[in-house]
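Undergrad: Protein sequence lines correspond, in order, to chains Z and B. Under our numbering, the first residue of the first sequence carries the number 1, and numbering increases by one thereafter. Under our numbering, the first residue of the second sequence carries the number 1, and numbering increases by one thereafter.
Quick caveat, the hints were computed from the structure, so don't treat them as lab data. It is possible that part of the hints are untrue.
List of simulated lysine-lysine pairs, DSS-like, C-alpha gap at most 30 Å [claimed, not checked]:
1) Lys122/B / Lys14/Z
2) Lys122/B / Lys2/Z
3) Lys143/B / Lys15/Z
4) Lys14/Z / Lys143/B
5) Lys2/Z / Lys143/B
6) Lys15/Z / Lys122/B
7) Lys127/B / Lys2/Z
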Amino acid sequence: MKFLYLVGCNLRRKKLRTILTLLSILIAFLLYGFLCAVKEALNAGVSIAGADRLVVRHKVSLIQLLPVSYKDRIALIPGVDAVEHQTWFGGIYQDPKNFFAQMPVEPEPFLDMFPEFVISAEAKERWLKTRTGAIVGRKLAERFKWKVGDRVPIQATIWTQKGGETTWEFDIVGIYDAGKKGVDTTQMFFRYDYFDEARAFGEGQVGWYGVRVKDPARAAEVARKIDEEFANSPAETKAEPEGAFVQAFAKQVGDIGTIMVYILSAVFFTILLVAGNTMAQAVRERTEELGVLKAIGFTNAQVLSFVLAESCFISGIGGLSGLGFAWLLIAAGDPTNGALPVFYFPTGNLIVGLILVVVLGLVTGIVPALQAMRLQIADALRRT
Amino acid sequence: MSENSEILVHVKDVEKVFRRGSEEIHVLAGLDLEVPIGEFLALMGPSGSGKTTLLNLIGGLDRPTRGSVVIQGERIDQLSDRRLAGWRARHVGLVFQLYNLLPVLTAERNVDLPLLLTNLSKADRRKHVETALSVVGLSHRAKHFPRQLSGGEQQRVGIARAIVTDPTLLLCDEPTGDLDRKAGDEILDLLQALNREHGKTIVMVTHDPHASARATRTVHLTKGQLSSEAIA
Numbered sequence: 001m002k003f004l005y006l007v008g009c010n011l012r013r014k015k016l017r018t019i020l021t022l023l024s025i026l027i028a029f030l031l032y033g034f035l036c037a038v039k040e041a042l043n044a045g046v047s048i049a050g051a052d053r054l055v056v057r058h059k060v061s062l063i064q065l066l067p068v069s070y071k072d073r074i075a076l077i078p079g080v081d082a083v084e085h086q087t088w089f090g091g092i093y094q095d096p097k098n099f100f101a102q103m104p105v106e107p108e109p110f111l112d113m114f115p116e117f118v119i120s121a122e123a124k125e126r127w128l129k130t131r132t133g134a135i136v137g138r139k140l141a142e143r144f145k146w147k148v149g150d151r152v153p154i155q156a157t158i159w160t161q162k163g164g165e166t167t168w169e170f171d172i173v174g175i176y177d178a179g180k181k182g183v184d185t186t187q188m189f190f191r192y193d194y195f196d197e198a199r200a201f202g203e204g205q206v207g208w209y210g211v212r213v214k215d216p217a218r219a220a221e222v223a224r225k226i227d228e229e230f231a232n233s234p235a236e237t238k239a240e241p242e243g244a245f246v247q248a249f250a251k252q253v254g255d256i257g258t259i260m261v262y263i264l265s266a267v268f269f270t271i272l273l274v275a276g277n278t279m280a281q282a283v284r285e286r287t288e289e290l291g292v293l294k295a296i297g298f299t300n301a302q303v304l305s306f307v308l309a310e311s312c313f314i315s316g317i318g319g320l321s322g323l324g325f326a327w328l329l330i331a332a333g334d335p336t337n338g339a340l341p342v343f344y345f346p347t348g349n350l351i352v353g354l355i356l357v358v359v360l361g362l363v364t365g366i367v368p369a370l371q372a373m374r375l376q377i378a379d380a381l382r383r384t
Numbered sequence: 001m002s003e004n005s006e007i008l009v010h011v012k013d014v015e016k017v018f019r020r021g022s023e024e025i026h027v028l029a030g031l032d033l034e035v036p037i038g039e040f041l042a043l044m045g046p047s048g049s050g051k052t053t054l055l056n057l058i059g060g061l062d063r064p065t066r067g068s069v070v071i072q073g074e075r076i077d078q079l080s081d082r083r084l085a086g087w088r089a090r091h092v093g094l095v096f097q098l099y100n101l102l103p104v105l106t107a108e109r110n111v112d113l114p115l116l117l118t119n120l121s122k123a124d125r126r127k128h129v130e131t132a133l134s135v136v137g138l139s140h141r142a143k144h145f146p147r148q149l150s151g152g153e154q155q156r157v158g159i160a161r162a163i164v165t166d167p168t169l170l171l172c173d174e175p176t177g178d179l180d181r182k183a184g185d186e187i188l189d190l191l192q193a194l195n196r197e198h199g200k201t202i203v204m205v206t207h208d209p210h211a212s213a214r215a216t217r218t219v220h221l222t223k224g225q226l227s228s229e230a231i232a
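Using the sequences provided together with the hints, build the complete structure.
TA: Laid out in C-alpha cells, this is it:
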C-alpha cells in the first residue's frame, strides 16, 4: 500500500496525457457497454425464447399472411400441445417516433402460450369481456402514463377499417409485467376478433402462429410435420424454433453480433495502441528515475510491479468509469424511443468488460514494465 | 592509510570491460583498492578514466568482468540481483551529480523513498526523514518539490536521502559538479561533517581538486588503473 502513493504521483506527472488516455479508455468501455445492450436488445427474444415453442410463418416471408384456418389443422398434428397466432399491426400512437409493437391475438391461447407475460386474473377477465380491450406492458404504460380504463387511439399504417377509418380505439384493460428478465414490456396486445371483423381487408388471415410442442426433444420433427401438412398449398409454411425465428428477425438489420465484434475489436486495438504508447513513453521519459529507484535498492520485480500498477490503474479508472457510465446511461432506458424495448446491460457482458479492463491494463503495461525491469542501473544513470 | 584500520571496501584485481558492438572497451584493468572504515576517499582522474565505473562496482550498481568486490566481508559481485538490491538498500547511500530526485515527490517524500523498502512504521519513517532533513539543514523545506529548491538545496535533499537509512557506505558521484563554488562548499562541509562527526565512510568521485582537498585520502585513476595517491 505504501507504494501506491508513488504510482499516483507518477500518473499526475503529465496530467493532460493521463486524462486523455483515461478518456479514450472510458469512451471505449462506454461504447462496449452500449453495443452489448444494443445486441442484447436485438436478440432479446432469443434469450427468453421457449425451447418448447415453434413459430410457423409463410414460407416466402414474414409479411405474407397465413389463413386462420391453419390453427385447427396445426392443433391436430401429433406432438402439438397448443397453438396461438399473432399479426403485425404497425400502428402509430400520436407520433411516428412513438414506436412500439401492437399485435392482435386471441387472449386465452396467447396468455397460455406466453406465461412470461404476467397479468392479474381480474385483468384477464376484463380482457375477455371487452372486445376493444387491450393489455399493455408495464414500460409502455409508464412511458405514455396509461392506466387501466384509458381509451387509446392508434393510427393504422396498414390495417384500415371497413369504413375507411384509420384510427382504431382500444380500451386498456390490463397492464402486464415481465415474468422473467429480458421479457419485452413495451408491447400492446388486443383482441383478434375485434381486429378481424373491423379491418377492411385480409379477413381470416394472420401473421404467424406460435406452437407449443409436447416434447421439446421432438420440436424439429413436429416442425417438419407442420410444413408437410401445408406443402403444395397456396400458403406453404416454414416452422422453426422460436429462438431461430427471433434471431432471423433481428438479422434483418444485419448480423449485429458480428458487426459488434468487429467494431469493438477495432476500438480495443486502437486503445491498446494508445494506452501502450502512453505507458511506453512514460517509462522512457523516466529511465533515470527508474535507475535511481533500482540504485537505492528497489528490486527488478518491484520496478516491474510499479509500471504494471500504473497501466492497470489507468485502465482500471478509465475502464470502470466507462462501464459505470454505460450502466447509468443504459439504466436510463431505451435511447431510441421504443426501437429497443428490452434495453439493459447483461451481467455476463459486464463481467467480460471487467475482465477486459484487467487484460488491457496488463497488456499495455507488460512491455514497458519488462523494459523497466531489465534496465541496467549504470546504463540508466549514464543517460542523466 | 593506517595498517591497523579495518577495511570496509576491498576491490581486488578488478577488470571491467564494456562492449560496444564488436569493440571491447577496457575501463578498469587489474585494479586494487582498499577503503578503511571511516575514511573519506576522493577518486580523481580525467574523463573516461573509470572513476564512476569503479564507484558503481563498489556500490553494487554494476558487476566487474573479473576480480572481486568485497564490502564488509561480503563478496557483493556474486550476489543475485535480488540480494544485491537488498544489500544496496541496507548498506549504500548514493549521491549523484544531478541530484536525481523524483520531481513528482516533495523533499520529504524523496528522502522517504529508501525507507519504503524497510519494515519501519509510517511514524518511524517520518522520524527518520525529519532527522535526515535536519542533518542537512532543510527541515523547513520538507514540503517543497525539487523544482522549488536551488541546486544546493536539491543536493542536500539527495544527501538526506542517502543517509536516511544510516548506510555503511556513502558513495558520491561528482556531488559538487553541478553547483557553484559557494553551494559546492556547503555540500563538502556537509560531507566532511558526516565523515568526521557521524563516522560515515565516504567514497567521492570528483574532478575538482578543491573538493578532493576535503577528503582524508585521494587516489588518481588513469586509464583504468590507480596511478597515485595522496593522504590529507
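Undergrad: Check whether the Cα positions of lysine 122/B and lysine 14/Z lie no farther apart than 30 Å.
TA: Holds, at roughly 28 Å.
Undergrad: Is lysine 14/Z within 30 Å of lysine 143/B, Cα to Cα?
TA: Distance of about 20 Å is within 30 Å: holds.
Undergrad: Can you confirm whether the C-alpha distance between lysine 127/B and lysine 2/Z stays at or below 30 Å?
TA: Since the Cα atoms of lysine 127/B and lysine 2/Z sit roughly 16 Å apart, the hinted pair holds (cutoff 30 Å).
Undergrad: With a cut-off of 30 Å on the C-alpha distance, tell me whether lysine 122/B and lysine 2/Z pass.
TA: Cα-Cα ~9 Å, so holds.
Undergrad: Check whether the Cα positions of lysine 15/Z and lysine 122/B lie no farther apart than 30 Å.
TA: This hinted pair holds, its Cα atoms lying about 28 Å apart.
Undergrad: Measure nothing beyond the straight line between the CA atoms of lysine 2/Z and lysine 143/B; if it is 30 Å or shorter, mark the hint as holding.
TA: 18 Å, holds
Undergrad: Checking one constraint from the list: CA of lysine 143/B to CA of lysine 15/Z, max 30 Å. Satisfied?
TA: The given pair, whose Cα atoms are some 21 Å apart, holds under the 30 Å limit.
Taken one by one, the earlier hints all hold for this structure without exception.
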